[in-house]
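A.B. asks: Read off the chains here:
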Amino acid sequence: MSESLRHGRRSHHWIDADAGPVVRPYAMTRGRTSHAGRHRLDLIALVVPEAAADDPGRDQTLSPEHVEIVERCGSTPQSIAELAAGLDLPVGVVRVLVGDLVDDALVHVTRPVPPAELPDVSILREVINGLRAL
Amino acid sequence: MVFGRSSRRKAPIEPVTLKILVAGGFGVGKTTLVGAVSEIKPLRTEETLTEAGRPVDDIAGVEGKTTTTVAMDFGRITLREDLVLYLFGTPGQDRFWFLWDELAQGALGAVVLADTRRLEDCFAGVDYFERRGIPFAVAVNCFEGANRFPEESVRAALDLDPEVPLLMGDARSRESVKDILVAVVEHALTRADQVREHAATAGT
Numbered sequence: 195m196s197e198s199l200r201h202g203r204r205s206h207h208w209i210d211a212d213a214g215p216v217v218r219p220y221a222m223t224r225g226r227t228s229h230a231g232r233h234r235l236d237l238i239a240l241v242v243p244e245a246a247a248d249d250p251g252r253d254q255t256l257s258p259e260h261v262e263i264v265e266r267c268g269s270t271p272q273s274i275a276e277l278a279a280g281l282d283l284p285v286g287v288v289r290v291l292v293g294d295l296v297d298d299a300l301v302h303v304t305r306p307v308p309p310a311e312l313p314d315v316s317i318l319r320e321v322i323n324g325l326r327a328l
Numbered sequence: 374m375v376f377g378r379s380s381r382r383k384a385p386i387e388p389v390t391l392k393i394l395v396a397g398g399f400g401v402g403k404t405t406l407v408g409a410v411s412e413i414k415p416l417r418t419e420e421t422l423t424e425a426g427r428p429v430d431d432i433a434g435v436e437g438k439t440t441t442t443v444a445m446d447f448g449r450i451t452l453r454e455d456l457v458l459y460l461f462g463t464p465g466q467d468r469f470w471f472l473w474d475e476l477a478q479g480a481l482g483a484v485v486l487a488d489t490r491r492l493e494d495c496f497a498g499v500d501y502f503e504r505r506g507i508p509f510a511v512a513v514n515c516f517e518g519a520n521r522f523p524e525e526s527v528r529a530a531l532d533l534d535p536e537v538p539l540l541m542g543d544a545r546s547r548e549s550v551k552d553i554l555v556a557v558v559e560h561a562l563t564r565a566d567q568v569r570e571h572a573a574t575a576g577t
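Protein chains in written order, with the working numbering: chain A, 195 to 328; chain B, 374 to 577.
So here's chain A without its partners, still in its complex pose (with noise of 0.2 Å):
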């Protein structure tokens, strides 16, 4: 490192994490606060990539935001919090993100089961055992 580039950081180190981040979270949606037409995506819908995804240079307009969700989606698919918490940006931000991703038919979003309908018995089940076995 040269001695001048390390001078100019020394310079610049009252910018700090206290500073907020440098790019507002929301400018990354480009100020859209929801997205068009959806239901509002769970905290724990699962983002899972579409096939379409392993195309590169499919669309050149995704952000890298949008790249690092699918590529973070690739080998386990990920929940809205999930993602949210390992890009550290606001839930709502993560959702407007990923419903450009699910227009561009590049994921898909599974649905949680639906509120209002009875949890199934057998699912429960499952759970009860899954925790004992833990």
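Just so you know, these hints were derived from the structure itself, not from any lab. Be aware that a few hints might be false.
[What the hints assert, rightly or not] Partner residues are not named here, just some residues of chain B that face chain A (Cβ under 10 Å, in silico):
1) Ile386
2) Met445
3) Tyr459
4) Arg521
5) Glu524
6) Arg569
[Unchecked claim] Computed footprint of chain A on chain B; a stretch qualifies when at least three of its residues, placed anywhere within it, have a C-beta under 8 Å from a C-beta of chain A:
7) 390-400
8) 414-420
9) 447-456
10) 477-483
11) 549-557
12) 561-568
Owing to the predicted nature of the structure, the values given are computational and were not obtained by experimental measurement. Cβ atoms here follow ideal geometry from the backbone N, Cα and C, with glycine treated the same way.
Since the structure of chain A is already known, use the hints to place chain B on it.
C.D. replies: Same frame as chain A, now just chain B:
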């Protein structure tokens, strides 16, 4: 784009996801409880809320502040390859209750974690889940130095319905937390069976 690196990936399994909420007063051990059973270090997600038209805060001096951030801790338990349980610690402050509504939607059940030294901290949680009809269990986190009260006194103090499970536990102990979660799900199962029977008798 770099998606090509992992080409020829096989279609990933899409597990069923479920959630259980963990409520209780500030500092009662919600995050500890989540951490005791989660396979990942409890994660934290933040929800930015617009505070416009929400005159709950005294904003003198920070008039420019129009959003606030609420953090939620959560953990994950993979029960099977195709069955994943998430635990969400609900935000402690009462004024974030509208956030609970989203969390509570589709929740399998809830744990209300109580500290006998500050039992009143969990009234709000008990109330909330009772009103919404969400199956819950109360777990008394037995802190060292806290007096142990007989189960009946705690039950009476919280005015719990007799069928609501009440457990004495330790939020740090994996075995204890497993027991607590099993109690919640068993309670949910009993409730689901009752509802089903009701529906069956009403139908004939």
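A.B. asks: Mind checking the CB of B/Met445 against every CB in chain A and telling me if the closest is under 10 Å?
C.D. replies: This interface hint holds because 8 Å falls under the 10 Å limit.
A.B. asks: Hint validation: B/Arg521 versus chain A, beta carbon distance must be below 10 Å. Holds or violated?
C.D. replies: violated (26 Å)
A.B. asks: With a cut-off of 10 Å, does the beta carbon of B/Tyr459 approach a beta carbon of chain A closely enough for the hint to hold?
C.D. replies: Hint on B/Tyr459: holds, closest Cβ of chain A at ~5 Å, below 10 Å.
A.B. asks: Within the stretch 390-400 of chain B, is the number of residues with a Cβ closer than 8 Å to a Cβ of chain A three or more?
C.D. replies: Check passed, 3 qualifying residues.
A.B. asks: Just to make sure I understand the rule, a stretch counts as covered if three or more of its residues have a C-beta closer than 8 Å to a C-beta of the chain. Does the stretch 414-420 of chain B meet that for chain A?
C.D. replies: holds (count 5)
A.B. asks: Count the residues of the stretch 561-568 of chain B with a beta-carbon closer than 8 Å to any beta-carbon of chain A: does the count reach three?
C.D. replies: holds (count 5)
A.B. asks: Any CB of chain A closer than 10 Å to the CB of B/Arg569?
C.D. replies: holds (7 Å)
A.B. asks: Check, residue by residue, whether the stretch 549-557 of chain B contains three or more positions whose beta-carbon lies closer than 8 Å to a beta-carbon of chain A, and give the verdict.
C.D. replies: holds (count 3)
A.B. asks: Does the nearest C-beta of chain A fall within a distance shorter than 10 Å of the C-beta of B/Ile386?
C.D. replies: holds (8 Å)
A.B. asks: Would you check whether B/Glu524 satisfies its interface hint, that is, whether its CB is within less than 10 Å of any CB in chain A?
C.D. replies: Hint on B/Glu524: violated, closest Cβ of chain A at ~22 Å, above 10 Å.
A.B. asks: Taking 8 Å as the C-beta cutoff, is the stated coverage of the stretch 447-456 of chain B by chain A satisfied by three or more residues?
C.D. replies: Result for this restraint: holds, n = 6.
A.B. asks: Examine the stretch 477-483 of chain B for residues whose CB is less than 8 Å from any CB of chain A, and state whether their number is three or more.
C.D. replies: Three-residue rule met by the stretch 477-483 of chain B, so holds; n is 3.
Violated hints, in rising order: 4, 5; the structure is consistent with all others.
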